[in-house]
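Number of protein chains: 2
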Amino acid sequence: PKPYKELTDVCWGDPHSLGVKPLTFVRQVLAACVYPELMSSHKLPLDVRQRAQWLLGKCEGGSIGSYPASAGIPEIIQRMSKSIARRDGGVPCNPENVFISPGSQWSLTNIIHVLVNDEAPLRTGILIPVPCHVTTITSITSLGAAVVPYFLSEEHGWALQVEELQRALESAKGGCNPIALYVINPGNPAGYVQSRKSIQEVIRFASEKRLVLLADEVYQDCVYGKNSEFVSYKKVLAEMGPPFSDTVELASFHSVSKGFMGECGLRGGYVELVNLDPNVVNYISNLNYDTTSVLAQFALDLMMNPPRPGDPSYPLYNQVRNANMLVQNVKMAHEVVNSLPGLSCQPVEGGAFVFPRVFLPPRAIQKAKEEGMQPDTFYCMRLLEETGVLITPGCEYRQKEGTYHIRFCIMASQDTINKALKHLATFHTKFMKDFS
Amino acid sequence: PKPYKELTDVCWGDPHSLGVKPLTFVRQVLAACVYPELMSSHKLPLDVRQRAQWLLGKCEGGSIGSYPASAGIPEIIQRMSKSIARRDGGVPCNPENVFISPGSQWSLTNIIHVLVNDEAPLRTGILIPVPCHVTTITSITSLGAAVVPYFLSEEHGWALQVEELQRALESAKGGCNPIALYVINPGNPAGYVQSRKSIQEVIRFASEKRLVLLADEVYQDCVYGKNSEFVSYKKVLAEMGPPFSDTVELASFHSVSKGFMGECGLRGGYVELVNLDPNVVNYISNLNYDTTSVLAQFALDLMMNPPRPGDPSYPLYNQVRNANMLVQNVKMAHEVVNSLPGLSCQPVEGGAFVFPRVFLPPRAIQKAKEEGMQPDTFYCMRLLEETGVLITPGCEYRQKEGTYHIRFCIMASQDTINKALKHLATFHTKFMKDFS
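Going down the list, the sequences are from chains A and B. To convert a position in the first sequence, counted from 1, into this note's numbering, add 57. To convert a position in the second sequence, counted from 1, into this note's numbering, add 57.
Next up, chain A with everything else stripped away, as it sits in the complex (with noise of 0.2 angstroms):
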């Protein structure tokens, strides 16, 4: 018998799973194509049917049931390129260096297994940021490659600091050969949005020391802070001009799964590489590409191209758009934490997450040393056990030494997060009083 009623899950990010809704013009979007009979009623808008019958115009017999060419569907290969130049102010955007895929991390994974030389004497380096969400993590180890952790700058902001990326590289001498630099922003699970500035430094690093840049830019819809804008490397790379813009190898990954459309389960995402070894760009683009579904390929044409002014969808999209859930949430977890003695939160000026450092009082570290469990991973589970709140402790992200955090996704309707927040609250105030 446990002490609460039911379990409230934030650990992921993995929105729809948190009683987010799914937007109706995408999901209205695939079934048309998916059912067309539901076209010839006019219950569904205009803009819906036409963008229905665009995109099934694009399958062999105006079907999603047909195979698509194994690369992806050129013409929504296009209208991405499109999108990524408008959503860049204009930079160009080559469709042939864009792939598509079943989600961010396949691609990002096979990106790291080409890059990985299995037989030079040193193991393949490459830098990650401290925190770093797990599945990089996993995909770097188990291809046989080693992780060289750069801090991030908590008191900061979460700043990524060069003098930080050149000590992490010079730690690496000698253990293994650091060929990649891998970012993500905006921050998971950290919420900082880099500035333009930083963009800027840290491509003069990648620069000097000939690291490739691995940009991980799935939050680039999901920026909350007031002062906080989202710049693709790519824009701050081309702006920089030669010899940045077209020596600094780059790839940028994107996913439907994450920000605001949140359909984690159609599984489709796409990787642009920027002056990318022929070598690389030749192993990806003869990956198999069979394995990205229509729909995930349809959806990334939905997320990229959103009803416009004007388009009779536009009004409820721009009202779900605008109605600032996620803002909400997020100040009200910000105050929630903020509130709270032992608790402290930086900034969450972007991403699905936050972050907070927990000060854990030595009574707890201690039995938490006794039941041999890390202290913040004690922590959530006393959480877990006492409230039925499933978070994450900051150690599956690593941390600083001796530092502690706890994480949880924002991305979830604003009756989960003020349930999770009020158990977060009571529970934190008995934990710090019985072990004061």
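Since the hints were derived computationally from the structure, they do not count as laboratory data. A hint or two may mislead.
Same chains, same names: a pair is fine if it fits in one copy or spans any two.
When the alpha-carbon atoms are kept at most 25 angstroms apart in a straight line, the in silico DSS-like pairs for lysine-lysine are as follows [unchecked claim]:
| no. | residue 1 | residue 2 |
| --- | --- | --- |
| 1 | Lys62 | Lys115 |
| 2 | Lys115 | Lys78 |
| 3 | Lys139 | Lys388 |
| 4 | Lys424 | Lys230 |
| 5 | Lys100 | Lys78 |
| 6 | Lys476 | Lys115 |
| 7 | Lys487 | Lys59 |
| 8 | Lys62 | Lys139 |
| 9 | Lys476 | Lys78 |
| 10 | Lys100 | Lys424 |
| 11 | Lys388 | Lys424 |
| 12 | Lys292 | Lys457 |
| 13 | Lys62 | Lys476 |
Start from chain A and add chain B according to the hints.
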């Protein structure tokens, strides 16, 4: 300026591209899952709405947009197992042996990948039938394994003869180390259906020679021969009892792309592993199954659990099922082809293709050589240029030296097949006359 108005492409097993309509039941359920608002109207049959409810109930948050469990949605895999057991007259199927994927070729490639030993002095060999569809040959060679061909006996309706397996195995000696035997039943490109007796012989051979059986059974629902019946390798293996049933290693592949449903664009398939080395099972179970979309998993459920008598959707489903479009197409193709001197086709008992032999006149063979082409490629090129009908030459599937074939898909609308056959007949008669 071409002498034809439109292209008739009957190369590939891609029914929806060839005018075949999707199954209404399948599309209605998927549309309701994508856009659950459709369920509030009574326009969709009750069983469609019930199935959609059941499927959505297995998704976190009731949405196809949430992440499915990494190895697939457990309840769907359980129902698939029951369905496999039902197909096999009650032979048990353990859900832990069923692995979903974005297609049967994806599963096959990954199994071959783990079977291939890169470091052994002799290359790993895999026995494959001749003729064999191209994708498997490509997978095997691109993974560094050697193809060991065994010839099916065209004179005996493309029968698989054990003496020929024996010959092929002997021929490999010293050149490679054969470890697996790939069989296709029902056949592709040659439309045979193996008898129980033939399967028993193959299993005994695999057992004696310690070969892993890789059984491509994706056309299991496409059997037309009056006296033909699909019996799975799994069922025959179980019937044979020990020591066969608990030692012979078997992988059986199926897909939503093939057969009756023909949903190639959804990217869904599975493999069932029986008696396989735990290392192989472990590798397969650890693969990133996040590649298979929720809708592809739903499609697997729908394929394996179609409407039953009494369900509102059953009459229409059964009508389409019994319309025998394919039976008619096969009959027509067989009649036309065998009525033309110089073309000869064995009975087509199953699968999606017709693979007749072409007896090319020496002058045509000579002309092909002059143009640097395989003789049957020359024939197909001429057919394309003169009529716009696109088929594939037998040389792409391998064939006995000095014999020539053509392949085309009969899983198409009757209109498409009629048109293709009419053009073929006119072209062939003229071609034979021109080169006689």
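So, going through the hints one by one against the coordinates:
{"no.": "1", "hint": "Lys62 to Lys115", "result": "between (49 angstroms within a copy, 21 angstroms between copies)"}
{"no.": "2", "hint": "Lys115 to Lys78", "result": "between (28 angstroms within a copy, 17 angstroms between copies)"}
{"no.": "3", "hint": "Lys139 to Lys388", "result": "neither (34 angstroms within a copy, 49 angstroms between copies)"}
{"no.": "4", "hint": "Lys424 to Lys230", "result": "neither (38 angstroms within a copy, 65 angstroms between copies)"}
{"no.": "5", "hint": "Lys100 to Lys78", "result": "both (20 angstroms within a copy, 24 angstroms between copies)"}
{"no.": "6", "hint": "Lys476 to Lys115", "result": "between (45 angstroms within a copy, 24 angstroms between copies)"}
{"no.": "7", "hint": "Lys487 to Lys59", "result": "within (18 angstroms within a copy, 83 angstroms between copies)"}
{"no.": "8", "hint": "Lys62 to Lys139", "result": "neither (50 angstroms within a copy, 34 angstroms between copies)"}
{"no.": "9", "hint": "Lys476 to Lys78", "result": "within (18 angstroms within a copy, 48 angstroms between copies)"}
{"no.": "10", "hint": "Lys100 to Lys424", "result": "neither (61 angstroms within a copy, 61 angstroms between copies)"}
{"no.": "11", "hint": "Lys388 to Lys424", "result": "neither (33 angstroms within a copy, 78 angstroms between copies)"}
{"no.": "12", "hint": "Lys292 to Lys457", "result": "neither (32 angstroms within a copy, 57 angstroms between copies)"}
{"no.": "13", "hint": "Lys62 to Lys476", "result": "within (12 angstroms within a copy, 66 angstroms between copies)"}
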